[in-house]
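Chemist: Note that the protein sequences, when read in sequence, are chains A and B.
For the first sequence, the working numbering gives the first residue as 1, with consecutive numbering after it.
For the second sequence, the working numbering gives the first residue as 1, with consecutive numbering after it.
Some clues are possibly wrong.
Stated by the list, open to error - Computed from the model, here is a short list of chain A residues facing chain B with C-beta under 10 Å:
no.	residue
1	Asp32
2	Tyr128
3	Gln134
4	Thr201
5	Tyr205
6	Ile234
7	Ser241
8	Ser260
9	Asn261
10	Gly336
11	Glu339
As the list claims (entries may be wrong) - Heads up, simulated BS3-like pairs for lysine-lysine below, C-alpha to C-alpha not over 27 Å straight-line:
no.	chain 1	residue 1	chain 2	residue 2
12	B	Lys251	A	Lys43
13	B	Lys135	B	Lys75
14	A	Lys26	B	Lys26
15	A	Lys321	B	Lys400
16	B	Lys43	A	Lys26
17	A	Lys251	B	Lys321
The hints are simulated quantities; they were obtained by calculation from the structure and are not laboratory data.
Each residue gets a CB set at the ideal place from its N, CA and C atoms; glycine is no exception.
Protein chains: 2
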Amino acid sequence: MPAVKYFNSERVIIMLGNFSYCNPTKLYFGDDSLEFLKDELGKYGKNVLLVYGGGSIKKNGIYDEVTEILRSAGKSVEEISGVMPNPTINKLNEGVAVARKHGADLILAVGGGSVCDYSKALSVSVNYNGDPWQKYYIDFEEPDCEIIPVGCILTMVGTGSEMNAGAVITNPEQKLKIGHVFADERIMPRFSILNPKYTLTLPHYQMAAGIYDIFNHICEQYFSGEDDNTSDYIAEALMKSVIHSSRIANKNPQDYEARSNIMWTATWALNTLISRGKTTDWMVHMLGQSAGALTDATHGMTLAAVSLPYYRHILPYGLAKFSRFAQNVWGVCPNGKTEKEIALDGLAEMESWMKELGLVMSLSELGATEEMLPDIVNGTLILDGGYKVLTTEEVAEILKESL
Amino acid sequence: MPAVKYFNSERVIIMLGNFSYCNPTKLYFGDDSLEFLKDELGKYGKNVLLVYGGGSIKKNGIYDEVTEILRSAGKSVEEISGVMPNPTINKLNEGVAVARKHGADLILAVGGGSVCDYSKALSVSVNYNGDPWQKYYIDFEEPDCEIIPVGCILTMVGTGSEMNAGAVITNPEQKLKIGHVFADERIMPRFSILNPKYTLTLPHYQMAAGIYDIFNHICEQYFSGEDDNTSDYIAEALMKSVIHSSRIANKNPQDYEARSNIMWTATWALNTLISRGKTTDWMVHMLGQSAGALTDATHGMTLAAVSLPYYRHILPYGLAKFSRFAQNVWGVCPNGKTEKEIALDGLAEMESWMKELGLVMSLSELGATEEMLPDIVNGTLILDGGYKVLTTEEVAEILKESL
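Put together the whole structure using the sequences plus the hints.
Modeler: Here it is as structure tokens:
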């Protein structure tokens with residue numbers, strides 16, 4: 001964590017050496033964690049907006065449990081259901097209208113990262129009188145209106161959304177899927193309830209996609225910077241933990257211990273901790289999200305499809321880190337190998353693990369076609385925090401290799 | 001992170017599987033971090049109680065910088081100085097009287113862990129009308145009075161006190177040094193300012209003691225439990241980071257990057273994160289603190305003096321973890337060795353590193369004598385979270401080996 005190190009741009013210098021950290025979300029973790037909802041509800045007003053997705057919570061009983069607790073607590077509840085995997089700006093506007101009419105004192109998200117993201121976007125939009133898409137996703141401004149508190153009950157893992165201030169929203173008309181990580185910690189959920197049992201019933205495809213999302217969140221923050229800092233050691237620890245537990249869960253999805261470790265790792269993979277004191281990359285997300293906006297594919301799978309072509313492309317620019325990754329995360333033995341060979345062996349190990357989990361290894365498996373490529377390229381934001389600032393030609397090349 | 005695992009006592013079962021986590025302290029990190037004090041001061045009332053130690057902050061200019069910011073912010077400032085390395089109950093009572101008379105709205109700690117600990121003990125004692133020693137350190141109760149907010153400006157590293165709710169207080173008459181980690185997150189500092197530059201002038205002895213304190217905080221949370229969970233991976237990462245940076249700082253104490261990594265690792269070594277989902281040990285602290293109460297020696301050095309005798313004693317009861325420690329933290333090659341040989345090699349590597357840093361390797365170097373042993377044994381609280389619940393005879397044996 002150097003005080004001053006020159007890197008790309010002045011903005012980045014400030015991020016590298018000096019930073020602030022605050023993460024006030026209260027987490028309740030474990031198979032009894034829903035018991036604490038009642039205490040949390042007591043801290044907020046009467047009007048609760050319950051937000052959820054496609055209705056799986058009605059099948060598995062979580063909806064009934066939660067609404068019973070809300071009823072006992074004397075809350076007046078309004079609902080927004082049908083929040084989609086890539087929540088749209090139209091859905092956000094619909095939620096704003098419902099929340100205003102209800103006078104929501106608390107937004108209670110029950111679902112995975114998309115439902116949490118949507119709820120946070122809602123929390124800064126209900127009291128804003130302009131167009132939230134323009135303000136938060138085009139101009140990337142912070143809210144200056146009152147923020148409605150958000151609480152989360154997680155039913156899927158992967159995104160860390162339960163403990164950060166990020167919210168990804170899609171604008172299908174503009175073919176854009178954009179994530180805004182707000183600086184204001186008041187946008188982080190006030191509380192999040194994490195019950196690993198809820199994740200046991202998830203289909204294997206969704207479980208695997210969530211695991212890869214976790215892993216990639218860590219990679220995005222790890223593959224950047226030349227300095228040797230504590231954050232990179234913690235990132236390696238989280239990667240080793242999720243690889244270990246994913247192999248157990250892949251064979252036995254009912255292994256509570258493995259699923260609980262995956263759930264906890266997911267939270268710490270993207271709650272701002274491991275990016276402290278360093279630049280971050282996020283190009284896999286930019287590529288994957290652009291593909292996701294056109295195909296509506298599962299987020300984690302879009303990341304899996306573009307990762308190896310991207311990492312093999314940037315490997316020469318961050319060779320020392322890819323070599324460290326190979327040795328510290330994958331246990332690659334360096335003896336008798338060049339640094340490039342070590343680095344490539346690490347990516348080969350990663351590829352084996354990805355195939356073992358049954359991840360999607362190409363965009364065409366997700367419905368993307370050659371014809372879509374120009375739009376996916378156009379929708380890819382190019383960031384400058386990683387080892388190589390891509391040209392548009394390189395973006396096109398990587399996406400073509402990912403097909 | 002198992003849902004339910006039997007271990008010693010029912011209290012422990014609850015800690016293992018299910019837990020809550022909340023750490024709202026806002027951290028400002030870097031060589032410009034004091035700039036943010038002004039913003040934080042704006043959130044509290046006019047009366048500030050400035051708490052510091054032996055006056056080194058007057059020599060190095062930090063006192064002048066801080067008081068100038070307080071003056072510009074229009075604060076009315078009262079001071080408590082001379083907070084000792086092992087803050088006493090008498091000093092606490094003195095602070096209570098000063099804080100009450102001043103009507104303190106904010107307690108501002110400027111110093112290391114002792115000053116932060118003292119300030120937090122003060123924060124729960126000012127508005128309590130009974131004896132804080134009895135309530136918080138004998139009965140281990142939580143506060144039911146109003147808590148005065150605490151802010152910290154760190155000048156030394158090691159204790160994590162800047163981001164936790166713990167406070168160690170010594171009662172010299174009773175020959176007891178007791179730490180209470182409060183459950184109430186409102187006792188955590190509201191903000192902490194971490195400027196690695198402030199730590200550059202610390203004498204080598206204090207730097208080394210602080211580094212060992214960090215390392216041991218991690219060990220205390222790592223050497224416990226039989227399950228394989230994310231917390232242990234993070235603990236290993238923090239250990240590797242502090243070993244790496246300590247070797248750089250030991251050769252060149254002016255290396256800002258190494259000192260900043262050490263400072264950041266210290267915070268995460270003891271801010272509740274790496275103990276989530278598992279039991280913890282803390283017997284090295286119990287042994288070291290008891291010796292410290294009699295010798296008034298530097299905390300980190302008392303831990304260093306008792307560590308290896310303790311770990312070699314409990315090694316057979318936690319063999320798998322000591323073997324993992326040897327391989328994952330110290331890079332011990334397991335080939336052709338028994339698990340016990342691997343484990344012992346890890347402790348041998350640890351011993352070499354401790355000697356390299358110039359740590360105190362025996363209690364007699366700290367002024368302890370054979371005659372003091374019965375009192376040190378009597379003052380050692382025996383905890384039940386580690387691999388072996390010690391008998392009093394074992395405590396005596398380990399302390400004798402540590403002499």
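Chemist: Decide, hint by hint, whether the structure agrees.
Modeler: Tested hints:
1. Asp32: holds, 5 Å
2. Tyr128: violated, 24 Å
3. Gln134: Not OK, violated: Gln134 (chain A) not within 10 Å of chain B, min 29 Å.
4. Thr201: violated, 16 Å
5. Tyr205: Nearest chain B Cβ about 24 Å off; hint violated.
6. Ile234: With Cβ-Cβ at 5 Å, under 10 Å, it holds.
7. Ser241: Holds: closest Cβ of chain B sits about 4 Å from Ser241 (chain A), inside 10 Å.
8. Ser260: Cβ of Ser260 (chain A) sits 4 Å from chain B, so the hint holds.
9. Asn261: It holds, given that the least Cβ distance between Asn261 (chain A) and chain B is near 5 Å, below 10 Å.
10. Gly336: violated, 16 Å
11. Glu339: violated, 19 Å
12. B:Lys251 / A:Lys43: Violated, at about 52 Å.
13. B:Lys135 / B:Lys75: Cα-Cα ~32 Å, so violated.
14. A:Lys26 / B:Lys26: Roughly 14 Å separates the two Cα atoms, so the pair holds.
15. A:Lys321 / B:Lys400: Judged against 27 Å, a Cα distance of about 47 Å means the pair is violated.
16. B:Lys43 / A:Lys26: holds, 22 Å
17. A:Lys251 / B:Lys321: Cα-Cα ~25 Å, so holds.
The structure fails to meet hints 2, 3, 4, 5, 10, 11, 12, 13 and 15 from the earlier list, while all remaining hints are met.
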